[in-house]
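According to UniProt numbering, the sequence shown holds residues 1 to 259 in order.
Treat the hints as calculated values from the structure; they're not laboratory data.
Honestly, I wouldn't trust all of these hints.
To be verified - Computed Cβ-Cβ distance ranges for the label pairs, DEER-style:
no.	residue 1	residue 2	range
1	R172	G202	46 to 54 Å
2	D104	G202	22 to 30 Å
3	H195	D104	24 to 32 Å
4	G62	V199	36 to 44 Å
5	V161	R137	40 to 48 Å
6	H231	G69	37 to 45 Å
All of these numbers come straight from a predicted model, not from anything done at the bench.
Glycine included, C-beta positions come from ideal geometry on N, C-alpha and C.
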Amino acid sequence: MTSSGKATDERRYRAPALEKGLDILELLSSASKPMTHAMISQHLGRSNSELFRMLQVLEFRGFIAQADGGGFIPTTKLFALGMAQAPVKSILEVALPVMRRLADDTEQSCHLALRAGGDIVIAARMESAGLIGFSVRIGYRQPMILTGSGTVLYAFQSDEVRKRWEKDFGSRPAGELKAFRALAEVVRTQGYDKHPSRVVPGIIDLSAPVMRGDAAAAALTMPFVNKTTQHVDIDVALEMVIAAAATISSDLASTDVRV
(Lines of atoms letter the chains of each structure in order from A; the text may use other names.)
(Lines give C-alpha, C1' and ligand atoms only; values in the text may rest on other atoms or scores of the structure.)
Protein backbone atom coordinates (compact mmCIF):
# COMPACT_ATOMS: atom_id res chain seq x y z
CA MET A 1 0.00 0.00 0.00
CA THR A 2 1.29 3.46 -0.87
CA SER A 3 1.75 6.11 1.81
CA SER A 4 -1.12 8.10 0.31
CA GLY A 5 -3.35 5.02 0.38
CA LYS A 6 -2.43 4.36 4.00
CA ALA A 7 -3.24 7.97 4.93
CA THR A 8 -6.60 7.63 3.16
CA ASP A 9 -7.44 4.52 5.20
CA GLU A 10 -6.46 6.27 8.43
CA ARG A 11 -8.77 9.18 7.61
CA ARG A 12 -11.56 6.80 6.64
CA TYR A 13 -11.51 5.13 10.04
CA ARG A 14 -11.24 8.25 12.17
CA ALA A 15 -13.97 8.99 14.69
CA PRO A 16 -13.50 12.66 15.66
CA ALA A 17 -16.02 12.73 18.51
CA LEU A 18 -14.59 9.59 20.06
CA GLU A 19 -11.06 10.93 19.67
CA LYS A 20 -12.02 14.14 21.49
CA GLY A 21 -13.46 12.15 24.37
CA LEU A 22 -10.38 9.94 24.61
CA ASP A 23 -8.10 12.98 24.45
CA ILE A 24 -9.95 14.49 27.41
CA LEU A 25 -9.76 11.28 29.46
CA GLU A 26 -6.05 10.83 28.75
CA LEU A 27 -5.31 14.45 29.64
CA LEU A 28 -7.23 14.37 32.93
CA SER A 29 -5.70 11.01 33.88
CA SER A 30 -2.19 12.40 33.51
CA ALA A 31 -2.92 15.73 35.22
CA SER A 32 -1.67 16.27 38.77
CA LYS A 33 -4.61 18.53 39.69
CA PRO A 34 -8.17 19.27 38.48
CA MET A 35 -8.40 21.02 35.12
CA THR A 36 -10.98 23.61 34.16
CA HIS A 37 -12.82 23.69 30.85
CA ALA A 38 -10.51 26.47 29.67
CA MET A 39 -7.36 24.58 30.69
CA ILE A 40 -8.53 21.45 28.85
CA SER A 41 -9.29 23.49 25.73
CA GLN A 42 -5.87 25.14 25.84
CA HIS A 43 -3.95 21.89 26.31
CA LEU A 44 -5.85 20.10 23.53
CA GLY A 45 -5.82 23.06 21.16
CA ARG A 46 -9.61 23.03 20.79
CA SER A 47 -12.24 25.71 21.40
CA ASN A 48 -14.39 25.82 24.52
CA SER A 49 -17.56 25.34 22.46
CA GLU A 50 -16.03 22.31 20.71
CA LEU A 51 -15.48 20.53 24.05
CA PHE A 52 -18.50 21.75 26.02
CA ARG A 53 -20.90 18.98 25.01
CA MET A 54 -18.21 16.30 25.25
CA LEU A 55 -17.44 17.30 28.85
CA GLN A 56 -21.14 17.22 29.68
CA VAL A 57 -21.54 13.72 28.27
CA LEU A 58 -18.43 12.36 30.00
CA GLU A 59 -19.65 13.82 33.30
CA PHE A 60 -23.18 12.46 32.81
CA ARG A 61 -21.81 8.97 32.03
CA GLY A 62 -19.65 9.06 35.17
CA PHE A 63 -16.20 9.08 33.54
CA ILE A 64 -15.26 12.51 34.91
CA ALA A 65 -16.50 14.62 37.82
CA GLN A 66 -16.17 18.19 39.05
CA ALA A 67 -13.76 18.67 41.93
CA ASP A 68 -14.82 20.58 45.04
CA GLY A 69 -12.49 23.48 44.25
CA GLY A 70 -13.48 23.61 40.59
CA GLY A 71 -12.21 21.84 37.53
CA PHE A 72 -12.65 18.27 36.29
CA ILE A 73 -11.03 15.08 37.54
CA PRO A 74 -11.30 11.50 36.22
CA THR A 75 -13.44 9.09 38.23
CA THR A 76 -12.61 5.43 38.85
CA LYS A 77 -15.16 4.22 36.29
CA LEU A 78 -12.61 3.28 33.63
CA PHE A 79 -10.52 1.58 36.30
CA ALA A 80 -13.57 -0.39 37.46
CA LEU A 81 -14.31 -1.47 33.90
CA GLY A 82 -10.76 -2.71 33.53
CA MET A 83 -10.95 -4.58 36.82
CA ALA A 84 -14.06 -6.41 35.57
CA GLN A 85 -12.03 -8.23 32.91
CA ALA A 86 -11.68 -11.96 33.58
CA PRO A 87 -7.84 -12.13 33.85
CA VAL A 88 -7.78 -9.25 36.35
CA LYS A 89 -10.71 -10.66 38.32
CA SER A 90 -8.94 -14.00 38.66
CA ILE A 91 -5.81 -12.31 40.03
CA LEU A 92 -7.84 -10.38 42.58
CA GLU A 93 -9.91 -13.42 43.58
CA VAL A 94 -6.75 -15.44 44.19
CA ALA A 95 -4.74 -12.64 45.79
CA LEU A 96 -7.17 -11.14 48.31
CA PRO A 97 -7.33 -14.10 50.75
CA VAL A 98 -3.53 -14.37 50.72
CA MET A 99 -3.17 -10.63 51.24
CA ARG A 100 -5.59 -10.76 54.17
CA ARG A 101 -3.50 -13.44 55.89
CA LEU A 102 -0.34 -11.45 55.22
CA ALA A 103 -1.81 -8.28 56.74
CA ASP A 104 -3.06 -10.23 59.77
CA ASP A 105 0.24 -12.03 60.36
CA THR A 106 2.47 -8.95 59.98
CA GLU A 107 0.17 -6.17 61.22
CA GLN A 108 1.26 -4.24 58.13
CA SER A 109 -0.83 -3.26 55.12
CA CYS A 110 -0.16 -4.56 51.62
CA HIS A 111 -1.36 -3.87 48.10
CA LEU A 112 -1.35 -5.37 44.63
CA ALA A 113 -0.07 -3.26 41.75
CA LEU A 114 -0.68 -3.76 38.03
CA ARG A 115 0.80 -1.99 35.02
CA ALA A 116 -1.23 0.78 33.36
CA GLY A 117 0.77 2.20 30.47
CA GLY A 118 3.87 3.83 31.92
CA ASP A 119 2.38 3.77 35.44
CA ILE A 120 1.53 1.28 38.12
CA VAL A 121 -2.02 1.31 39.45
CA ILE A 122 -3.19 -0.14 42.75
CA ALA A 123 -5.79 -2.83 42.04
CA ALA A 124 -6.29 -4.19 45.57
CA ARG A 125 -5.21 -3.41 49.10
CA MET A 126 -5.47 -4.92 52.55
CA GLU A 127 -5.38 -2.75 55.64
CA SER A 128 -3.02 -3.42 58.53
CA ALA A 129 -4.50 -5.63 61.25
CA GLY A 130 -2.73 -3.47 63.83
CA LEU A 131 -3.58 -0.02 65.14
CA ILE A 132 -0.97 1.67 62.95
CA GLY A 133 -0.38 1.12 59.26
CA PHE A 134 0.07 2.85 55.95
CA SER A 135 -2.15 2.03 53.00
CA VAL A 136 -2.59 3.28 49.44
CA ARG A 137 -6.03 3.82 47.94
CA ILE A 138 -7.26 1.61 45.13
CA GLY A 139 -6.79 3.31 41.78
CA TYR A 140 -3.72 5.26 42.95
CA ARG A 141 -1.18 5.69 40.15
CA GLN A 142 2.50 6.51 40.05
CA PRO A 143 5.08 6.36 37.27
CA MET A 144 6.44 2.82 37.09
CA ILE A 145 10.00 4.09 37.11
CA LEU A 146 9.54 5.70 40.56
CA THR A 147 8.13 2.76 42.50
CA GLY A 148 9.23 -0.56 43.94
CA SER A 149 6.15 -2.19 42.47
CA GLY A 150 7.04 -0.81 39.04
CA THR A 151 10.62 -2.01 39.33
CA VAL A 152 9.42 -5.52 40.15
CA LEU A 153 6.91 -5.58 37.30
CA TYR A 154 9.54 -4.39 34.83
CA ALA A 155 12.29 -6.66 36.17
CA PHE A 156 10.39 -9.86 35.45
CA GLN A 157 9.66 -9.23 31.78
CA SER A 158 11.43 -10.22 28.59
CA ASP A 159 13.76 -7.73 26.91
CA GLU A 160 11.19 -7.26 24.15
CA VAL A 161 8.43 -6.40 26.61
CA ARG A 162 10.71 -4.05 28.53
CA LYS A 163 11.50 -2.08 25.38
CA ARG A 164 7.81 -1.81 24.59
CA TRP A 165 7.01 -0.61 28.11
CA GLU A 166 9.77 1.99 28.03
CA LYS A 167 7.98 3.75 25.18
CA ASP A 168 5.19 4.53 27.68
CA PHE A 169 7.57 6.06 30.23
CA GLY A 170 7.57 9.37 28.40
CA SER A 171 10.50 11.74 28.50
CA ARG A 172 12.82 10.79 31.37
CA PRO A 173 16.43 11.81 32.04
CA ALA A 174 18.81 9.28 30.48
CA GLY A 175 20.54 8.73 33.81
CA GLU A 176 17.25 7.96 35.55
CA LEU A 177 16.30 5.29 33.01
CA LYS A 178 19.80 3.77 33.15
CA ALA A 179 19.61 3.56 36.96
CA PHE A 180 16.13 2.02 36.74
CA ARG A 181 17.34 -0.67 34.36
CA ALA A 182 20.30 -1.46 36.61
CA LEU A 183 18.07 -1.71 39.68
CA ALA A 184 15.69 -4.00 37.76
CA GLU A 185 18.58 -6.39 37.07
CA VAL A 186 19.41 -6.50 40.77
CA VAL A 187 15.75 -7.11 41.62
CA ARG A 188 15.49 -9.91 39.06
CA THR A 189 18.59 -11.61 40.48
CA GLN A 190 17.53 -11.43 44.11
CA GLY A 191 13.81 -12.02 43.44
CA TYR A 192 12.44 -9.02 45.35
CA ASP A 193 12.80 -5.29 45.90
CA LYS A 194 13.47 -3.59 49.24
CA HIS A 195 14.21 0.10 49.47
CA PRO A 196 12.97 3.36 51.03
CA SER A 197 9.91 4.68 49.26
CA ARG A 198 10.67 7.39 46.70
CA VAL A 199 7.19 8.82 47.28
CA VAL A 200 6.64 8.68 51.08
CA PRO A 201 9.62 9.32 53.41
CA GLY A 202 9.90 6.84 56.28
CA ILE A 203 8.24 3.96 54.43
CA ILE A 204 10.27 0.93 53.31
CA ASP A 205 8.71 -0.77 50.30
CA LEU A 206 8.96 -4.56 50.25
CA SER A 207 7.86 -5.95 46.89
CA ALA A 208 7.81 -9.33 45.17
CA PRO A 209 6.49 -10.47 41.79
CA VAL A 210 3.26 -12.35 41.23
CA MET A 211 4.19 -14.53 38.29
CA ARG A 212 1.96 -15.77 35.52
CA GLY A 213 4.06 -18.06 33.41
CA ASP A 214 7.49 -16.51 32.85
CA ALA A 215 6.45 -12.91 33.48
CA ALA A 216 5.22 -10.79 36.39
CA ALA A 217 1.48 -10.16 36.15
CA ALA A 218 1.42 -8.03 39.30
CA ALA A 219 3.57 -6.88 42.19
CA LEU A 220 2.70 -7.59 45.82
CA THR A 221 4.02 -4.73 47.92
CA MET A 222 4.10 -4.00 51.63
CA PRO A 223 4.75 -0.36 52.63
CA PHE A 224 6.54 -1.31 55.84
CA VAL A 225 6.07 1.07 58.78
CA ASN A 226 8.70 1.07 61.52
CA LYS A 227 6.88 1.01 64.86
CA THR A 228 8.12 1.17 68.43
CA THR A 229 6.78 -2.32 69.01
CA GLN A 230 6.91 -4.50 65.91
CA HIS A 231 4.79 -7.60 65.43
CA VAL A 232 7.44 -8.91 63.02
CA ASP A 233 10.69 -7.25 62.01
CA ILE A 234 11.35 -6.07 58.48
CA ASP A 235 13.44 -9.06 57.40
CA VAL A 236 10.75 -11.51 58.48
CA ALA A 237 8.10 -9.34 56.82
CA LEU A 238 10.09 -9.44 53.57
CA GLU A 239 10.23 -13.24 53.68
CA MET A 240 6.48 -13.31 54.23
CA VAL A 241 5.84 -10.99 51.28
CA ILE A 242 7.96 -13.20 49.03
CA ALA A 243 6.15 -16.31 50.25
CA ALA A 244 2.72 -14.70 49.80
CA ALA A 245 3.58 -13.65 46.23
CA ALA A 246 4.74 -17.20 45.49
CA THR A 247 1.47 -18.58 46.88
CA ILE A 248 -0.59 -16.25 44.68
CA SER A 249 1.55 -17.23 41.67
CA SER A 250 1.01 -20.92 42.38
CA ASP A 251 -2.73 -20.47 42.86
CA LEU A 252 -2.90 -18.48 39.62
CA ALA A 253 -1.17 -21.30 37.76
CA SER A 254 -3.74 -23.79 39.05
CA THR A 255 -6.64 -21.59 37.88
CA ASP A 256 -5.06 -21.19 34.44
CA VAL A 257 -5.09 -24.95 33.82
CA ARG A 258 -8.50 -25.57 35.35
CA VAL A 259 -11.16 -26.84 32.92
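Among all the numbered hints in the text so far, which are the ones the structure does not match? 1, 4, 5
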